Each structure stands twice: as structure tokens, then as C-alpha cells.
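> For the protein sequence lines, the chains are A and B, in the order given. Residue numbers for the first sequence follow numbering that gives the first Met the number 0, so the first one is 0 and each next one is one higher. Residue numbers for the second sequence follow numbering that gives the first Met the number 0, so the first one is 0 and each next one is one higher.
If you're looking for bench data, these hints aren't it; they were derived computationally from the structure. Among the hints, a few may not be true.
Treat identical chains as interchangeable: a pair holds within one or across any two.
Claimed, not checked - Pairs of lysine-lysine residues, derived as BS3-like cross-links and limited to a Cα-Cα distance of at most 30 Å, are as follows:
#, residue 1, residue 2
1, Lys319, Lys42
2, Lys88, Lys104
3, Lys104, Lys319
4, Lys153, Lys104
5, Lys352, Lys153
6, Lys352, Lys128
7, Lys262, Lys225
8, Lys154, Lys101
Computed from a prediction, not measured in an experiment: that's the story for all the values here.
There are 2 protein chains.
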Amino acid sequence: MKKHNFYAGPSILSDYTIKNTAKGILGLDNAELSIMEISHRSKECTEMVEETISLFRELLSIPKGYSVLFLGGGASTQFCMVPYNYLNKKAAYIDSGSWSGKAIKEARFFGEVEVVASSEDRNYCYIPKKYDVPKDIDYLHITTNNTIFGTQYKKDPDVKVPMAADMSSDIFSRYVDISKYDIIYGGAQKNLGPAGVTFVIIKDDSLGRVERPIPSMLNYKTHIDKESMYNTPPVVNIFACLQTLKWYRRLGGVQAIQKYNEKKAGLLYDEIDRNRLFKGTADKKDRSDMNITFVMNEEFKELQTEFLEFASNRGMVGIKGHRSVGGFRASTYNAMPIDSVMALVEVMQEYEKGVLNNNLKK
Amino acid sequence: MKKHNFYAGPSILSDYTIKNTAKGILGLDNAELSIMEISHRSKECTEMVEETISLFRELLSIPKGYSVLFLGGGASTQFCMVPYNYLNKKAAYIDSGSWSGKAIKEARFFGEVEVVASSEDRNYCYIPKKYDVPKDIDYLHITTNNTIFGTQYKKDPDVKVPMAADMSSDIFSRYVDISKYDIIYGGAQKNLGPAGVTFVIIKDDSLGRVERPIPSMLNYKTHIDKESMYNTPPVVNIFACLQTLKWYRRLGGVQAIQKYNEKKAGLLYDEIDRNRLFKGTADKKDRSDMNITFVMNEEFKELQTEFLEFASNRGMVGIKGHRSVGGFRASTYNAMPIDSVMALVEVMQEYEKGVLNNNLKK
Numbered sequence: 000m001k002k003h004n005f006y007a008g009p010s011i012l013s014d015y016t017i018k019n020t021a022k023g024i025l026g027l028d029n030a031e032l033s034i035m036e037i038s039h040r041s042k043e044c045t046e047m048v049e050e051t052i053s054l055f056r057e058l059l060s061i062p063k064g065y066s067v068l069f070l071g072g073g074a075s076t077q078f079c080m081v082p083y084n085y086l087n088k089k090a091a092y093i094d095s096g097s098w099s100g101k102a103i104k105e106a107r108f109f110g111e112v113e114v115v116a117s118s119e120d121r122n123y124c125y126i127p128k129k130y131d132v133p134k135d136i137d138y139l140h141i142t143t144n145n146t147i148f149g150t151q152y153k154k155d156p157d158v159k160v161p162m163a164a165d166m167s168s169d170i171f172s173r174y175v176d177i178s179k180y181d182i183i184y185g186g187a188q189k190n191l192g193p194a195g196v197t198f199v200i201i202k203d204d205s206l207g208r209v210e211r212p213i214p215s216m217l218n219y220k221t222h223i224d225k226e227s228m229y230n231t232p233p234v235v236n237i238f239a240c241l242q243t244l245k246w247y248r249r250l251g252g253v254q255a256i257q258k259y260n261e262k263k264a265g266l267l268y269d270e271i272d273r274n275r276l277f278k279g280t281a282d283k284k285d286r287s288d289m290n291i292t293f294v295m296n297e298e299f300k301e302l303q304t305e306f307l308e309f310a311s312n313r314g315m316v317g318i319k320g321h322r323s324v325g326g327f328r329a330s331t332y333n334a335m336p337i338d339s340v341m342a343l344v345e346v347m348q349e350y351e352k353g354v355l356n357n358n359l360k361k
Numbered sequence: 000m001k002k003h004n005f006y007a008g009p010s011i012l013s014d015y016t017i018k019n020t021a022k023g024i025l026g027l028d029n030a031e032l033s034i035m036e037i038s039h040r041s042k043e044c045t046e047m048v049e050e051t052i053s054l055f056r057e058l059l060s061i062p063k064g065y066s067v068l069f070l071g072g073g074a075s076t077q078f079c080m081v082p083y084n085y086l087n088k089k090a091a092y093i094d095s096g097s098w099s100g101k102a103i104k105e106a107r108f109f110g111e112v113e114v115v116a117s118s119e120d121r122n123y124c125y126i127p128k129k130y131d132v133p134k135d136i137d138y139l140h141i142t143t144n145n146t147i148f149g150t151q152y153k154k155d156p157d158v159k160v161p162m163a164a165d166m167s168s169d170i171f172s173r174y175v176d177i178s179k180y181d182i183i184y185g186g187a188q189k190n191l192g193p194a195g196v197t198f199v200i201i202k203d204d205s206l207g208r209v210e211r212p213i214p215s216m217l218n219y220k221t222h223i224d225k226e227s228m229y230n231t232p233p234v235v236n237i238f239a240c241l242q243t244l245k246w247y248r249r250l251g252g253v254q255a256i257q258k259y260n261e262k263k264a265g266l267l268y269d270e271i272d273r274n275r276l277f278k279g280t281a282d283k284k285d286r287s288d289m290n291i292t293f294v295m296n297e298e299f300k301e302l303q304t305e306f307l308e309f310a311s312n313r314g315m316v317g318i319k320g321h322r323s324v325g326g327f328r329a330s331t332y333n334a335m336p337i338d339s340v341m342a343l344v345e346v347m348q349e350y351e352k353g354v355l356n357n358n359l360k361k
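Bound-form chain A, shown alone (with noise of 0.2 Å):
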């Protein structure tokens, strides 16, 4: 049986970028060892780096005076380093769930942080849209898309002060405008590659405006002077993000990922408000394109397990909710194919038949 692979990440990859992994694996056509086994300073190693921060600035239309870096320690690493780096005094937070609250309390190591917006008054299901951003912040953080919850910012924020983004889970799939940001980041276990690398988009210019010494890893600099060469990089996880870009280019792009995306979140958006069983968890505004969040109409509360035993039956994998949502969950990040997302949604028709004609077949 065919599995549609739902996970909220690490999480779908093309077929593209697993074959082309694997191949590399086996061997590289250009030095006949293993991706996994050449020295990072080898020139097989060295061109494929920047062939793939190229690519990914190519992709993101990133402006100049920007770096590309990739690092280890994943995104949670860099809840850390961004007020390391650019903390002053005082920095301001937009709170809108389990990430947001994590990056918060990493910030609070290092100075101030003044929550300016939360959206936890109602369960985290939309994103605060009105706030005031205080003049004297050192920047103001945000996280683009919440995984756990369902709810995505469609607009990049208009503030006068510089921003910092946790992207881990949007990046790739709709337009950015860069510019307005001094810093983003994420884990590439979304929409990019296998989980162990970490992306940095950063505002060369934007650094030293901290007094307080920062360990040679911690630093942003020191990346940026050694182009993620500092020591040696996550080199297959990065191998296989050049996969994914390769397969991105041959999409379209961006602009073509994203009206995919939109189609794809929009047929199970329109089933889940058509069904009866289900409902939506988070304000339609706000609804995210990359995960799905969903619960059971009062009503039918009780079915929930055996939903989800229905469609595990039927090869849906990782579609329970997490424990702070319950429900449902489906994410659809750019590789997961508009097939299985139909999928789904045929699932979801049969097993409300089943129940409204309560003949259900397990």
C-alpha cells in the first residue's frame, strides 16, 4: 500500500531529492567516494557548498549584502544565537505558540524581552495582527509558520524596526521579501532536506551591535568570514538540500511552488469546512498552507481514534494532531504530492459516509 507521508518534520522529501541522495552516497560521479567521505575542504565538497547557497539565493531572489550560511544545531540553536548576536537591552517577541515560546524564553538569557502580541488568549489558532513595536528594541522576532497550531503569516509584517525570522517550516513556500529582514533562519527538515542543518539568512552589515564576547561557534561572523567553512559543515544534509533546490528550479521556483502549495492546502481547507465530521482549528485568515490542522465537529468526538486508525489503514502517516491541538494534523509541504492530498480528502468522504450511513468498514 502506498503511504502519503504527512509528518510535520522531519518530513516528506521529493523523489528527486532521496534518489539523487542515495546516488551520492553510493558515489559522486566527479570523485568516486561518498558524498559522506570526502574531505569538506576537497574541491568536489567545496563547489558543491556553494553551488548550493547559489541555488538557494537564486530561489529566494536574496539581495546583496546578504550571506547564506548553513550550520548544525538545528533552529533551536539559533533561539540562542540571535539574541547572543543581537541582543542589546531589549528585544521584542511576537508570541504566536510552542516556537515562538521557545525562542522567547532562549532570549530571556541574554537581556529584556518584551512580548509585544500573543495569540495564546485563544489557543494560538490565529496571528496577532495588531501591536505596537517600541522604538528602542534591538529587533523585533517572529515565527513565519506554526507548525503545532496551523497558522502562517501570509504578508511579511511592516515595522520600523529590524527583524529576525524563525522560518523552519514556510521557507521555500511562498514569497519573501528579504529585505525587511535582518536575520533568518531554520531547521531543513521541512522544506528543504534531512534534519542537521540549519540556514541562516543574514544582513552582513547588520552584526556588532553587541558588546558581550561570543564563542567562535556562536558568532555569526565567524561564518560569514569562513563561508560555513569555519569547521567542517553538515555535508550530506547539505548535499541533499542542493537536491531539493535542483528539484525546486526545475518547478518553477518559488512563485510556481507556491500556487501549488495553494492549491494543495485549498482542496483539504475546502473538505474540512464541506465535511461534517471535521472543523478547522485555526481562523481561516490565518490558516496555514504547510500544516493542516483539524478536529472532530462535537458532535462526533468520539470517532477520533477511530479516524485515525481509518486512515493509517489507508496509508496516511503522521495525521495525529499534537497533544496541544489534538485532532488532526496533515502537513503539506512542497514535496508532498497534490495525490495524496487527494488522498486524504477521499479518505475523509469515505469514513463521513461510513459514519452518516453508519455502515462504516474499518
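Please build the complex by placing chain B on the supplied structure of chain A, with the hints as guidance.
Frame of chain A, contents of chain B only:
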């Protein structure tokens, strides 16, 4: 032509590791999905990480009371995490080469560092053995194998203070008395797997000695408490390490590997000592079994580039020495087959004959 991979790191991995990692990327038997695209919270992934930790413990005979962690960020991040977590007032470091130097540099961000011994006086060609360790230090830090200078500790030091060790380039190559250390760490990319994952062996009750607040990702306690699953670990990199560990078990464990390593290194050192063109750079008693450094004898010095080309034309990869030592470096990590060492020995002999008979054929 067969390539013989003598890279210093990232470096040769076993065919077993390479083939099984590629296989897992194409699709896990028990998940029908790629190891790169399954949730780190999935049963398949958590079981895989548990198996890796368990086998890691077994092969190194790690005593109770120690945790094994798999983190991102490389050993270079450990250079700052060790003092972040352990350096209260003063730490002692032994300076046995470049990597020690980098560790010392990062420790100085956190407190006083006393370099109790250094082999800098003779370009790090030996392991310092005579030193006094002050009683009031928080820990003594050593680098057990020095990739650049080709020296290695053959015995764990006997000191009365807690020890911290960077074993990036010789873990699993020789017997180590883990109980002598509070913390041992290293990048995977020599004897374990592809770059992108860092192992940490840590004595659970060794923490809590410093007062400073430690950001979550830099706090060992976070990772001990969550068993390396606080954030998304580098899954595919850990999976590759597991393959290497399974291969080690088949080889008969560390004891068998150590014997094989001594044999391989012995072969090459014997040739270096015999061959009229070459000489070793490290003091004999401190010669590394992992990185074998040698240069041209004075009278043949101008042949260095020619020999590199000669060897390269015969399939030798990565034998150019680091600029700090010059000459050549053949890294003979665990996965290096003795046939490759023999091939290099033959190339050295062939080249010697050609030079001495003055009829060299490139």
C-alpha cells in the same frame, strides 16, 4: 582505477556503512519511507536512536552513570559547551596541537585557563607528558589524537582532577578507560559516520558545578534529560553511525579494531622508516595510528610535489599534509582497509626505486 581514501576527515567509511545508509535513504524496511523523511518522534526513529546509543555504549564499555548524546554543531561547538557547563573559575588544558588551541581559545571566554603543558616548542611533534595539574582547577582538557601533527595519547592520563577529552579522531580506535573522564566528545566524521553529528559521553553527576545561566541548547542537562531528543537530532547522520557500529560489532569490537589499526599503521611507519626518501614527523613513541605524517628527507625535499602527483596518479587521495607540517599525511581510520595501506607502501617503494635508479615514470 581504485581510489584509496586517505582523507583526514570527513574520511573513509566502510562499504557496509555506505551501502546501508543509501538503502535506508531509499526506504526503511519497517516504514516504507526514507530515513530522511520520518518524524524523529516516530517509533522507527526513536527505536533507531535507542539502538545506536545502546550499541555505542556496548562497544565502548561505557559504565553506568554516563549518558551518550548525539548532538549537532560539531566538536567545535563542544569547545565552548565544555567550559560553559564546567568552567567555574579555572581550567587546565594540555596544548598538543591546533585543535587543543581552538579548545583553549573558547574556554577563555568563560574563565581562567592554565595551559599546563604544550608541545608547541617542537611543532607539536610529541604528546606532553610531564606536567603538574593544580588541585584547584575545574577540569583538565586533553585532545587524544592530533590529526594535523600525527600524534596520539596511547594511554589515558592519570590525574586526580576531572578530565574532559576531545576524541574526535580516535574514538573506537583503541581501548579507553571511560571512567577516567567526566566528558568525552567528538565529531562523527572520522571513525563513526558522516559529518553533522557529534557524540558526547558524559558523567551524569558531573554537572551543576557552575553558577552561570546556560541557554537550553548549550546545557548538557537539557540533552541528558531528553535523551538527545530535545530538538530534532540529525537523524540520517545518526542512522549512518548505527551502520558503522553494527559493522564494528561484526569486526569483533574495539579490541579487534585496535589490533588491526596497529598493524596497518605499523606497516606504513615501517616503510617510512625504511624508505630512503621519507621520514616521519612525530616522535616514535607518540605516533598516531590514525594520522600518519611524514615528509621528504632533506636531500629529496624538492620532490614533494612530484611524489604527490605520482601517488595521486596511482589512486591515492587526500595524502597532502596540512600546511602546518607540510609533506604528507595518510589517515588510516578504522574503515581503512589494509590493502589501501599496502597500496600506498608499494607506491612509496616504486617511487623510491625510480628516484634512486633515476628512471622515474610518472
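> Within a copy, between copies, both or neither: which one fits Lys104 and Lys319 at a CA-CA cutoff of 30 Å?
within (27 Å within a copy, 47 Å between copies)
> Between Lys88 and Lys104, at a C-alpha cutoff of 30 Å, which is it: within one copy, between copies, both, or neither?
Both. Shortest intra-copy (15 Å) and inter-copy (27 Å) distances satisfy the 30 Å Cα cut-off.
> Within, between, both or neither: how does the pair Lys352, Lys128 come out at a Cα-Cα threshold of 30 Å?
neither (39 Å within a copy, 78 Å between copies)
> One pair to classify: Lys153 and Lys104, alpha carbons no more than 30 Å apart. Within, between, both, or neither?
Answer is within: at 25 Å inside a copy they meet the 30 Å cutoff, but 44 Å across does not.
> First find the shortest C-alpha distance between Lys262 and Lys225 inside one copy, then the shortest across copies, and answer within, between, both or neither for a cut-off of 30 Å.
Classified as neither: same-chain Cα gap 41 Å, cross-chain 38 Å, threshold 30 Å.
> With 30 Å as the alpha-carbon cut-off, assign the pair Lys319 and Lys42 to within, between, both or neither.
between (45 Å within a copy, 14 Å between copies)
> Using 30 Å as the alpha carbon limit, work out where Lys352 and Lys153 are close: within a copy, between copies, both or neither.
neither (34 Å within a copy, 71 Å between copies)
> At most 30 Å between alpha carbons: which applies to Lys154 and Lys101, within, between, both or neither?
The answer is within: 23 Å in one copy meets 30 Å, while 43 Å across copies does not.
Hint compliance for this structure: hints 5, 6, 7 are broken, all remaining hints hold.
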